[in-house]
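K.L.:
Sequence:
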Amino acid sequence: MDELVKESMATVEQRKKTAVPWTLDEPHDQPYYRFENGKWEATTPKTEHADPAGTLKPSDKLALYSWNIDFMLPYPDSRMRAALHHLETLCTAQPPNTHPVIFLQECLATDLTLLASSPWVQANFHLTDLTPASWASSHYGTTTLLSNRLSPSACFRIHYSNSRMQRDVLVVDIPLSATTKPLRLCNTHLESLPASPPLRPYQIALCAQHMHDPAVHASLLAGDLNAIQSFDAHLPSANGLKDAFLELGGKEQDAEGGHTWGQQASTALREKFGTSRMDKVLFCGEGVVCEGFERFGAGVEVEDPREREGIVGLEFGKGWVSDHLGAQ
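First residue of the sequence shown: 1, per the UniProt record's numbering; consecutive thereafter.
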């Protein structure tokens with residue numbers, strides 16, 4: 001497993017882009033993609049005169065699913081198919097007035113192709129990415145699936161200047177029918193591992209700056225925040241952000257109720273690091289009511305028995321699709 005990690009990180013570095021159109025730490029607009037007439041069409045978000053049919057109404061709800069799908073394990077297509085099937089089961093159980101939004105981290109370019117070819121995705125979602133064009137590394141990155149009953153008024157990324165792992169935050173604004181200000185949705189993957197000086201405080205502060213934008217009504221942020229050191233627990237509150245798990249009565253050290261990493265990690269890593277609450281949902285602004293927080297994805301495995309054996313051979317307990325649980 002150690003060799004697999006080293007090889008994966010070396011590939012990320014090798015595929016880091018040397019010429020990019022964006023400025024680090026600044027928003028860089030990108031299109032989103034609508035599935036129409038049998039194909040995906042690049043669409044520029046409407047910043048003014050939003051279609052009333054695509055706005056979020058007071059009676060509507062969002063069901064937000066955030067999941068890091070480990071990019072280092074083998075059988076990426078099989079793992080993403082199993083993950084997507086699980087997400088479909090969760091989303092289709094939601095009532096009609098609930099709009100599903102899916103944040104994915106550690107996607108490969110092949111994952112984007114798989115997502116775009118899924119009939120369920122085509123019928124129900126807009127995509128922020130069809131290719132790695134907006135990623136700092138051609139190898140992996142973040143992507144968002146947005147209910148196609150909503151019409152974004154903005155879609156942009158902010159690439160962190162102090163990231164050694166090509167991390168960013170992907171932002172989508174959703175018009176609200178009751179106000180001229182949008183709801184901001186932020187999908188991020190903060191820096192992994194300890195660093196000296198730490199990198200995550202700057203990254204989350206940059207996210208918070210844009211979440212507190214006066215032009216925005218309210219903001220949600222979710223993703224793999226890699227909260228592995230003691231200071232990570234204080235970063236949300238230090239930046240004026242509420243933590244959904246804690247707001248609903250969860251406790252910081254409640255491994256059974258809140259930890260999202262370690263349960264499905266390799267045996268060696270779990271024994272070395274234990275479990276942790278890496279993945280979080282944060283929010284700020286007016287009118288945001290968090291009705292529930294759950295984890296999902298526990299026990300989801302690849303379908304092929306031989307592929308399950310291959311993952312178990314890397315010192316995993318079962319053929320899990322990811323070492324992370326999702327945060328909902």
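Each hint should be verified, as a subset may be incorrect.
[Unchecked claim] Straight-line alpha carbon distances no greater than 25 Å define the calculated SDA-like cross-link-like pairs of lysine to any residue that follow: (1) K318 to L269; (2) K16 to K242; (3) K242 to V288; (4) K6 to Q166; (5) K242 to S192; (6) K242 to P194; (7) K46 to R34.
[Stated by the list, open to error] Derived Cβ-Cβ restraints for the label pairs, each shown as a range: (8) P95 to F231: 24 to 32 Å; (9) F273 to S196: 30 to 38 Å; (10) T179 to Q94: 20 to 28 Å; (11) G249 to T92: 40 to 48 Å; (12) A298 to G240: 12 to 20 Å.
Source of the hints: derived by calculation from the structure; they are not laboratory data. Don't be surprised by glycine CBs; every beta carbon is placed ideally from N, CA and C.
K.L.:
Regarding the pair K242 and P194, is the alpha-carbon distance no greater than 25 Å?
P.N.:
Status holds; Cα separation ~24 Å.
K.L.:
For the hint 40 to 48 Å, verify it against the beta carbon of G249 and that of T92.
P.N.:
violated (28 Å)
K.L.:
Given a hint of 24 to 32 Å, does the C-beta separation of P95 and F231 actually sit inside it?
P.N.:
violated (39 Å)
K.L.:
At the C-beta level, are T179 and Q94 separated by a distance inside 20 to 28 Å?
P.N.:
holds (24 Å)
K.L.:
Run the distance test for K318 versus L269: straight-line Cα separation, threshold 25 Å.
P.N.:
Holds, at about 14 Å.
K.L.:
Please work out if K242 and S192 have their alpha carbons no farther apart than 25 Å.
P.N.:
holds (22 Å)
K.L.:
So if I understand the rule, the pair passes when the alpha-carbon distance is 25 Å or less; does K242 with V288 pass?
P.N.:
holds (10 Å)
K.L.:
May I ask you to test the hint 12 to 20 Å on the CB atoms belonging to A298 and G240?
P.N.:
violated (32 Å)
K.L.:
Regarding the pair K6 and Q166, is the alpha-carbon distance no greater than 25 Å?
P.N.:
Within the cut-off at roughly 16 Å; holds.
K.L.:
Hint check: K46 vs R34, CA-CA at most 25 Å. Holds or violated?
P.N.:
holds (13 Å)
K.L.:
Can the restraint linking K16 and K242 be considered satisfied, given a maximum Cα separation of 25 Å?
P.N.:
This hinted pair is violated, its Cα atoms lying about 33 Å apart.
K.L.:
Is it true that F273 and S196 lie within 30 to 38 Å of each other by Cβ?
P.N.:
Distance hint for F273, S196 is violated at roughly 18 Å.
Violated hints, listed in ascending order, are 2, 8, 9, 11 and 12; each of the other numbered hints is respected by the structure.
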